[in-house]
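K.L.:
Sequence:
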Amino acid sequence: MNSLAAAASTGEAVQFWILGTVAVVGALCTILMKRAVHSALSLAGTMIVLAVFYLANGAYFLGVVQVVVYTGAIMMLFLFVVMLVGVTAADSLKETLKGQRWLAAGLGIGFGILLIAGIGNASLKEFNGLGEANAGGNVQGLAALIFTKYVFAFEITGALLITAAVGAMVLTHRERTERPASQREQSQARIREGKQVPPLPAPGVYARHNAVDIPGLLPDGSPSELTVNPTLRSRGQIRDVSGESLAGLKALEQRSTQWLGRETEKPPAAQSPTPAEPKEEAST
1 MNSLAAAAST GEAVQFWILG TVAVVGALCT ILMKRAVHSA LSLAGTMIVL AVFYLANGAY
61 FLGVVQVVVY TGAIMMLFLF VVMLVGVTAA DSLKETLKGQ RWLAAGLGIG FGILLIAGIG
121 NASLKEFNGL GEANAGGNVQ GLAALIFTKY VFAFEITGAL LITAAVGAMV LTHRERTERP
181 ASQREQSQAR IREGKQVPPL PAPGVYARHN AVDIPGLLPD GSPSELTVNP TLRSRGQIRD
241 VSGESLAGLK ALEQRSTQWL GRETEKPPAA QSPTPAEPKE EAST
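Be aware that the sequence shown starts at 1, since it is given in my numbering, and climbs by one per residue.
Read the hints as simulated data drawn from the structure, not as lab findings. Values in this document were obtained by computation on a predicted structure and should not be read as measured data. Take the hints with a grain of salt, since some may be wrong.
Stated by the list, open to error - No farther apart than 20 Å at their CA atoms in a straight line, the calculated lysine to aspartate or glutamate pairs in the EDC-like style are these:
hint, residue 1, residue 2
1, Lys195, Glu185
2, Lys149, Glu175
3, Lys195, Glu225
What the hints assert, rightly or not - Label-pair ranges, simulated between beta-carbon atoms:
hint, residue 1, residue 2, range
4, Ala73, Ala104, 22 to 32 Å
5, Ala211, Thr21, 27 to 37 Å
6, Glu185, Tyr150, 54 to 64 Å
7, Ala104, Glu175, 47 to 57 Å
Using N, Cα and C, we set each Cβ at its ideal position, and we do this for glycine too.
Given these sequences and hints, build the entire structure.
P.N.:
Printed below as a string of structure tokens:
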């Protein structure tokens, strides 16, 4: 029995140090990653490790909820929204509320002090064990604790979550205080400012092509950067329409015409009209 207990304790220690390291690294990556997608994936990995800890300690209900609800539903929803919206590190990081970073840092330090003080003053006088705690079932025992001994803390947590959801909706809502300008007013303002008076050139207008990855040509023959989607430009999926590329395309068309035998003879550059030509013109 002693050997089995020692082996179990050794296995729990190895599991704790390995998974604990993974959880801490994932939490740090969630904060330090520049891309929002990578941060969301790191947080999802940390949540999965926490679910393994719950299962190892006999909290089967919390482990399943951690995987199904938080990691499988909420975090994947965040990840899909971030991927669809296309949040990148190049987005503006300008603060809309002045001093919010200092306020957040102060609140974080205060919360850390309270957490350390609470853990330092915590004491465990008696230990019932997993068998006694889950005697009537893990779900039943958890429900009894939540709705009897910790009902006040549970209600406070629910109120905080509702307040956070309402606060997020208030911060993202923008009330329009002025009437939106009409198309005529926008065109008049554009003419007064002298910026882009004519309409923007259509995308993909180049020779016989009509594609979104080919920029439109301005009257002087230079490509217009305004006619191509910025996403394609950042991906490098824009076709080259510079002078060298156009010359190469013209040479390729000439070689193709010669190879197919479709080259036509050019008319003489300057010849005096024959006497018969005026007669034909007169007769026509």
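K.L.:
Run every hint past the structure and note whether it holds.
P.N.:
A quick look at each hint next to the structure:
{"no.": "1", "hint": "Lys195 - Glu185", "in the structure": "14 Å, holds"}
{"no.": "2", "hint": "Lys149 - Glu175", "in the structure": "44 Å, violated"}
{"no.": "3", "hint": "Lys195 - Glu225", "in the structure": "15 Å, holds"}
{"no.": "4", "hint": "Ala73 - Ala104: 22 to 32 Å", "in the structure": "27 Å, holds"}
{"no.": "5", "hint": "Ala211 - Thr21: 27 to 37 Å", "in the structure": "50 Å, violated"}
{"no.": "6", "hint": "Glu185 - Tyr150: 54 to 64 Å", "in the structure": "60 Å, holds"}
{"no.": "7", "hint": "Ala104 - Glu175: 47 to 57 Å", "in the structure": "25 Å, violated"}
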